Each structure stands twice: as structure tokens, then as C-alpha cells.
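Student: Protein chains in written order, with the working numbering: chain A, 1 to 435; chain B, 1001 to 1131.
Mixed in with the good hints, there may be bad ones.
Cβ-Cβ distance ranges computed for the label pairs, FRET-style [said to hold, decoys possible]: (1) B:MET1126 / A:ASP348: 53 to 61 Å; (2) A:LEU303 / B:GLY1032: 49 to 57 Å; (3) B:SER1052 / A:LYS280: 47 to 55 Å; (4) A:GLY338 / B:GLU1030: 28 to 36 Å; (5) A:ARG74 / B:SER1052: 43 to 51 Å; (6) B:GLU1030 / A:ALA380: 48 to 56 Å; (7) A:LEU303 / B:ASP1025: 22 to 30 Å; (8) A:GLY338 / B:VAL1026: 28 to 36 Å; (9) B:MET1126 / A:ARG101: 44 to 52 Å; (10) A:ALA45 / B:SER1052: 45 to 53 Å.
Listed below are the simulated SDA-like cross-link pairs for lysine to any residue, each with C-alpha atoms no more than 20 Å apart in a straight line [claimed, not checked]: (11) B:LYS1073 / A:VAL350; (12) A:LYS47 / A:ARG347; (13) B:LYS1073 / A:GLY349; (14) A:LYS280 / B:PHE1027; (15) A:LYS47 / B:MET1106; (16) A:LYS47 / B:ILE1047; (17) A:LYS47 / A:LYS377; (18) B:LYS1122 / B:ALA1046; (19) A:LYS47 / B:ASN1080; (20) A:LYS47 / A:ARG282; (21) A:LYS280 / B:LYS1031; (22) A:LYS377 / A:GLY349; (23) A:LYS280 / A:LYS377; (24) A:LYS47 / A:GLU257; (25) B:LYS1073 / A:GLU257; (26) A:LYS47 / B:GLU1130; (27) A:LYS280 / B:ILE1045; (28) A:LYS280 / B:SER1040; (29) B:LYS1073 / A:HIS345; (30) A:LYS280 / B:GLU1130; (31) A:LYS280 / B:SER1091; (32) B:LYS1073 / B:SER1040; (33) A:LYS47 / B:SER1040; (34) A:LYS280 / A:LEU34; (35) B:LYS1073 / A:ARG347; (36) B:LYS1073 / A:THR344; (37) A:LYS377 / A:VAL350; (38) A:LYS47 / B:LYS1122; (39) A:LYS47 / B:ALA1046; (40) A:LYS377 / A:LEU303.
To be clear, the hints were calculated from the coordinates, so they are not data collected in a lab. Because the structure is a prediction, the values reported are computed rather than measured. Even glycine gets a Cβ: it sits at the ideal position worked out from N, Cα and C.
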Amino acid sequence: MTLQELQPRLRRFNRAMIIGGLVLLAGLVAWLYLVLRPPSPWTDAEKVLIRSLWLGGLPPVPADPTNAVSQDPRAAAMGHALFFDTRLSANNQVSCAFCHRPDRRFTDGMDKARALGQSRRNTPSIVGLAYSPWLYWDGRRDSLWSQALSPLEDPQEQGSNRMRIARLVTSDEQYAATYASLFGELPDFSDTARFPADAGPGLKPEWDSAWQGMTEADRDLVNRTFANVGKTIAAYEALLLPGSSRFDDYAAAVIGESGADPDNLFSNDEAKGLRLFVGKARCMECHNGPQFTNFEFHNTGILSYPGDLPDRGRIDGIREVRRNPFNCLGVNSDAEPGQCLELTHARDGVELIGALKTPSLRNLDSTAPYMHRGQVKTLAETIEHYNDAPFAMIGHNEAENPLRLLPFERRQLEAFLGTLAAPIAAEEFLLLPPR
Amino acid sequence: MYKQFTTTAFLMLLVVTGQAQPAGDVFTSEKGRFRVSYQSQLDPIAINRMHSWTLMVADSGGEPVTGANIAIKGGMPQHNHGLATQPTIESSGEGTYLLQGLRFHMMGYWELELTIDDGSAKDTVMIPLEL
């Protein structure tokens, strides 16, 4: 081929290259514009949603009608001591704080909790739970105090029994004094013929038979003492509240509750992530209110833990809480039956199959891994889960429509979630074992 | 401009009051047999809070309907799910009823469906809510 023959081809090739280059450049500019352009101003409707998430809108902790000492500082001090007391376990090594570690926002960083044995589920945070009508991933308890009782007797957790714990708090000098001041008369468990060393229903066979051998009145007395232990722990836990985060500063600025310039408080990505959160990503359908949770139960098609059957979730939790003797309607509850609206009006139905409680999104920085069995290790994976919206293994995935977020949008959403991190709003001494 | 303003104001009102219809509005049942209005214990209605309503039920002539059986269903049609709770309704006076155990767990459009049976007629009334 001669040079003259080649020239037209070269010209065509050059032209194609130039056009192709221009198209690529235009695409790049469009992409950069999409990713880098500053967010447009908030609409009034968006501002209303942002206000609804702002921590400034969180009312004071409501008194728990089932727990007469829920806001008593003496109870909180006793509960604080009990929370860190390893004597509440079978091997004297496991306190509540063993899994609910204050330095990890009261979680343990593990997929499933490990104490005396391995639990079925991930350790949830306690921060802000005083507002939740239901406790546990499946809501199988309906008060902080009745929840606090169950790890004490769980063989995988603290593995003790109510008789041993009732005796501990009434024989320890400090606990006994506070107990008497809070609850009146101090029960006397010194008669070992009536009150064996170890007893509790449904526990080890020897503990169970010791329990069955006690009179009903004596069992009631032990149950009451045991319930009161939980009530003091609950009074402590109610002091553990979420702190104000960078998001809250930003929200206050956006809604005019502070004079700050919002643009100085959030990066473009964080602001765009917030826009996705209140809009296209549909997070607020469940993660709503100042704690970023509706404390309700939803099946979102989270895969089961490797080797585990799918978690039945709330469908089992509702049955268990209804028959739990320490529930709102039980003899040791301080509530009038008419105050137990959550329990008496709890729903049934197939929507509860595989449904688990919405967790708060505040403090995600130190509460990984995520989900009820720690199946999801990172926030990016979590966002991808909702982007993919897989079929649920049991029940029905409520979040069944894929979000179709683009990769840069997923990054923006994750950037926004990072702005929710904040220290716990509790006095420092409450996060340490009492002296 | 004015139209834009009124639209915005209306939308704001929707969100701020939390109700598509201001409380006190009267809802007529499908076959026209009953008229229902309500007063919420929480005003404006907020999400994630357990609360009660008082229902006022009258017949088509405006006479109070006392002691009827009222069944309730509800949910978010756009999300294909029901209520977070199982509310109950009991007669509480002349033409009034106590609706207990309501808690809305999402913002958005909700519908409550009341089926009223006073012995002589059975009819359903739908109450829409925008939270």
C-alpha cells in the first residue's frame, strides 16, 4: 500500500479518534458534574424530614410504668454496680459489661455474643433503649428490667440463677442497704432449708427441682427480689443516651435551630448522602425518628448465619413475651393493666415471620458487625444488601424493591451514616465500673 | 406565585399537622349509613407513639350510634403492610367509642378501615392519614 492510498484511511481514523475522544470527555464532564456538583438547597418537605431525625427533638426518657424505681438515682447507682458485678455469673467472671462493653457503645464487636457459651444472636447496644417498647432482636421482653433478668440465668451468658442472685443482693452490705431503702423490707434468705443455694425454674435439673421444692410464697419472694434487681439495672441503663452528632449540628443549622452555616458542617458527599437517606434510599421507612429506628419488627431478607437455620424472629418473640412472667401484666410489674397497651395490643400475623427489630443507626462506627447474627461486616455491605433486595429465606422481604443506587450514591450514603457517630451522652463515671 | 405559595403552605400544613384531613372532619361510610369523626389523644399525630382516639359515630341523619360493634383494619397500601399494632375499639358513651392501641411506625400515607355494625346495618368507612 502506498502512502497516498493510506492517507484517506488515516484521516478517517483521526476523525474517529477525535469524535470518540470528545464523546468520552463529555461523558467524563457529565459524570464529574453529577458527582461533584454542590447539592441543591433543601426543600421544605426535606427539612421536615431532617427535623424529625434531629436529636434535639428527642423527648426526655419516659418513666417506665412497670418499674417504680426507673428514674430513682439510688436505683441507678445500685444498677450501675450490678451491671459491672461479675458475681452475677456462675463462674464469677461475667458481668453485663462483659458483652455490653461501654468502650464499644455497649456492644462486643463479635458476630454472636460469647460469654459462658455462644449466644444465638449479636449483642445489641443498650444506648437509647429506654425508649423502646420491645427488647431483644425479636422483642421477647417488654421492659428494660425484664430483659436484664434473662442473661443472668441464660446458660450461654451468665449462667446463674435467681435464688443465688437474690441472696447476693440481700447479703452484700451495700446492695442490701440500697435495696431496703428502695423496696422497703429486706427479704431474709438465711434459712437454707427454705431457700437452697441454687434454685430457678427451667434451669439445670438440680436447680429446677430445688425450685419446685420451695413453697409458692417463698418462690414469689425470690421472684420479687430478682425482679427488683432487674429494675435497678434498668434504672442505670436508662441513663445511657445517644449523644449529639455532627449530623445533629448540621440538622440544627438546616432547620434554623442554630445560626451555623450548614455548608461548613457537611461535605458535599455527606449532604447528598442525607438527601438519599430521606428520599431515594427509603431508609426512613424504618430508620425514623431521632434515634433512627421505629423499634418495630421487619423482615428485610437478611441471609441467615452460615450453618444456622433462618431466624424466625418476631413470630417467636411475641409468643415468648406474652407468656413471660416478668412482662408488663405480671405480678412483679408496677403498671396497671391499662398501661400495658404495647403488650395487650401487640399484633400477630405472617408479617412477623423472620422479622427483627430495627436497630438505631447512631454510633455505627463502633457497633460492627451488623444485623441480628453479625452476618454483615461493613456498612458498604449493608447498603449493597438493600440495593440488591434478595428474596427472604423465610417470610417475605418487606424491602423487596432494589434501591438501584449507583456506586457513587452508595458511597455518599455511607459518608452520611458516618456523621451519626457521637459519644454516649452520659456522665463519664457511668461508663466505668463504680469505685 | 400565589398558587405556588398556597400549594407549599398546604403541603406544610399536611406535614406539620400530620393529617391529610384536619381532625374533626366527618367521614361517610361507603353505603352512606354512618358518619364518623375522631379526636386523637396525640394532636398532631406523631410516629412511633402509642396513643388512643375517641371516635364519634352517627347515622345518616346525624343521630348518635351507640353500642355498635366496630372492627378495625389498617395499613400502608403503598408499602403493602398492615398496622404495627392490633387496636381495639369499645363503646364509651353516647355515640362515642374508645380506639386504643394505635402506633404508626412509618411516615407516609396510612389508611384505617372501620367496619361498623349496629345490628341493623353494616358499613365500612375509610379514614386516610398522611403522617
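Student: Please go over all the hints and tell whether each is borne out by the structure.
Tutor: Consistency of the hints with the structure:
1. As the Cβ distance of MET1126 (chain B) to ASP348 (chain A) is approximately 23 Å, the hint placing it in 53 to 61 Å is violated.
2. Distance hint check: the CB atoms of LEU303 (chain A) and GLY1032 (chain B) are about 51 Å apart, consistent with the given range 49 to 57 Å.
3. At about 35 Å, the CB distance of SER1052 (chain B) to LYS280 (chain A) disagrees with the hint of 47 to 55 Å.
4. For GLY338 (chain A) and GLU1030 (chain B), the Cβ-Cβ distance of about 33 Å falls inside the hinted range of 28 to 36 Å, so the restraint holds.
5. Distance hint check for ARG74 (chain A) and SER1052 (chain B): the Cβ-Cβ separation is about 34 Å, which falls outside the suggested range of 43 to 51 Å.
6. One distance hint, 48 to 56 Å for the beta-carbon pair GLU1030 (chain B) and ALA380 (chain A), holds here, with the actual separation near 49 Å.
7. For the hinted restraint 22 to 30 Å between LEU303 (chain A) and ASP1025 (chain B), the CB-CB distance of approximately 46 Å leaves it violated.
8. Range check, GLY338 (chain A) to VAL1026 (chain B): about 29 Å between beta-carbon atoms, so the 28 to 36 Å window is met.
9. Remark: the range hint 44 to 52 Å for MET1126 (chain B) to ARG101 (chain A) is upheld by a beta-carbon distance near 50 Å.
10. Between ALA45 (chain A) and SER1052 (chain B), the C-beta spacing of about 29 Å breaks the proposed range 45 to 53 Å.
11. Taking the CA atoms of LYS1073 (chain B) and VAL350 (chain A), the gap is about 15 Å. The hint holds against a cut of 20 Å.
12. About 33 Å separates the Cα atoms of LYS47 (chain A) and ARG347 (chain A), which puts this hinted pair outside 20 Å; it is violated.
13. Between LYS1073 (chain B) and GLY349 (chain A) the CA atoms are separated by roughly 13 Å; this keeps the pair inside 20 Å, and the hint holds.
14. Taken as a hint, the LYS280 (chain A) and PHE1027 (chain B) pair is broken in the structure, with Cα atoms around 33 Å apart against an allowance of 20 Å.
15. Of the pairs offered as hints, the one joining LYS47 (chain A) and MET1106 (chain B) holds, with about 17 Å between alpha carbons and a cut-off of 20 Å not exceeded.
16. For the proposed pair LYS47 (chain A) and ILE1047 (chain B), the alpha carbon gap of about 17 Å is at most 20 Å, so the pair holds.
17. The hinted pair formed by LYS47 (chain A) and LYS377 (chain A) fails the criterion: a straight-line CA distance of about 32 Å is larger than 20 Å.
18. Between LYS1122 (chain B) and ALA1046 (chain B) the alpha-carbon distance is near 31 Å, which puts this suggested pair outside the 20 Å criterion.
19. Only pairs whose Cα atoms come within 20 Å are accepted, and LYS47 (chain A) paired with ASN1080 (chain B) is rejected, the gap being roughly 27 Å.
20. Between LYS47 (chain A) and ARG282 (chain A), the direct Cα distance comes to roughly 16 Å. Compliance with the 20 Å bound is thereby established for this hinted pair.
21. Between LYS280 (chain A) and LYS1031 (chain B), the direct Cα distance comes to roughly 39 Å. Violation of the 20 Å bound is thereby established for this hinted pair.
22. Our distance criterion of 20 Å between C-alpha atoms is broken by LYS377 (chain A) and GLY349 (chain A), whose separation comes to about 31 Å.
23. Between the alpha carbons of LYS280 (chain A) and LYS377 (chain A) the distance comes to roughly 24 Å, so the proposed pair goes past 20 Å and is violated.
24. For the proposed pair LYS47 (chain A) and GLU257 (chain A), the alpha carbon gap of about 12 Å is at most 20 Å, so the pair holds.
25. The suggested pairing of LYS1073 (chain B) with GLU257 (chain A) is violated, with an alpha-carbon distance near 39 Å, which exceeds 20 Å.
26. At most 20 Å may separate the alpha-carbon atoms for a hinted pair to count; LYS47 (chain A) and GLU1130 (chain B) meet this at roughly 17 Å.
27. For the hint pairing LYS280 (chain A) with ILE1045 (chain B), the CA-to-CA distance comes to about 25 Å; that exceeds 20 Å, so the pair is violated.
28. Note on LYS280 (chain A) and SER1040 (chain B): the hinted pairing is violated, with a Cα-Cα distance of about 31 Å set against a maximum of 20 Å.
29. Using a Cα cut-off of 20 Å, the hinted pair LYS1073 (chain B) and HIS345 (chain A) holds, with the two alpha carbons roughly 13 Å apart.
30. Straight-line distance between C-alpha atoms of LYS280 (chain A) and GLU1130 (chain B) comes to about 19 Å, which keeps the hinted pair within the 20 Å bound.
31. A hinted pair counts as satisfied when its Cα atoms are at most 20 Å apart, and LYS280 (chain A) with SER1091 (chain B) does not qualify at roughly 43 Å.
32. Distance check on the hinted pair: LYS1073 (chain B) and SER1040 (chain B) sit about 17 Å apart at the alpha-carbon level, within 20 Å; holds.
33. Annotation: proposed proximity of LYS47 (chain A) to SER1040 (chain B) is violated, straight-line Cα distance about 25 Å (limit 20 Å).
34. Among the hinted pairs, LYS280 (chain A) with LEU34 (chain A) is consistent with the structure: their alpha-carbon atoms are about 16 Å apart, no more than 20 Å.
35. At most 20 Å may separate the alpha-carbon atoms for a hinted pair to count; LYS1073 (chain B) and ARG347 (chain A) meet this at roughly 12 Å.
36. The straight-line distance between the Cα atoms of LYS1073 (chain B) and THR344 (chain A) is roughly 17 Å, inside the 20 Å bound, and the hint therefore holds.
37. Among the hinted pairs, LYS377 (chain A) with VAL350 (chain A) is inconsistent with the structure: their alpha-carbon atoms are about 29 Å apart, more than 20 Å.
38. Taken as a hint, the LYS47 (chain A) and LYS1122 (chain B) pair is broken in the structure, with Cα atoms around 43 Å apart against an allowance of 20 Å.
39. With a C-alpha separation of about 16 Å, the suggested pair LYS47 (chain A) and ALA1046 (chain B) falls inside the 20 Å cut-off, and the hint holds.
40. Distance check on the hinted pair: LYS377 (chain A) and LEU303 (chain A) sit about 13 Å apart at the alpha-carbon level, within 20 Å; holds.
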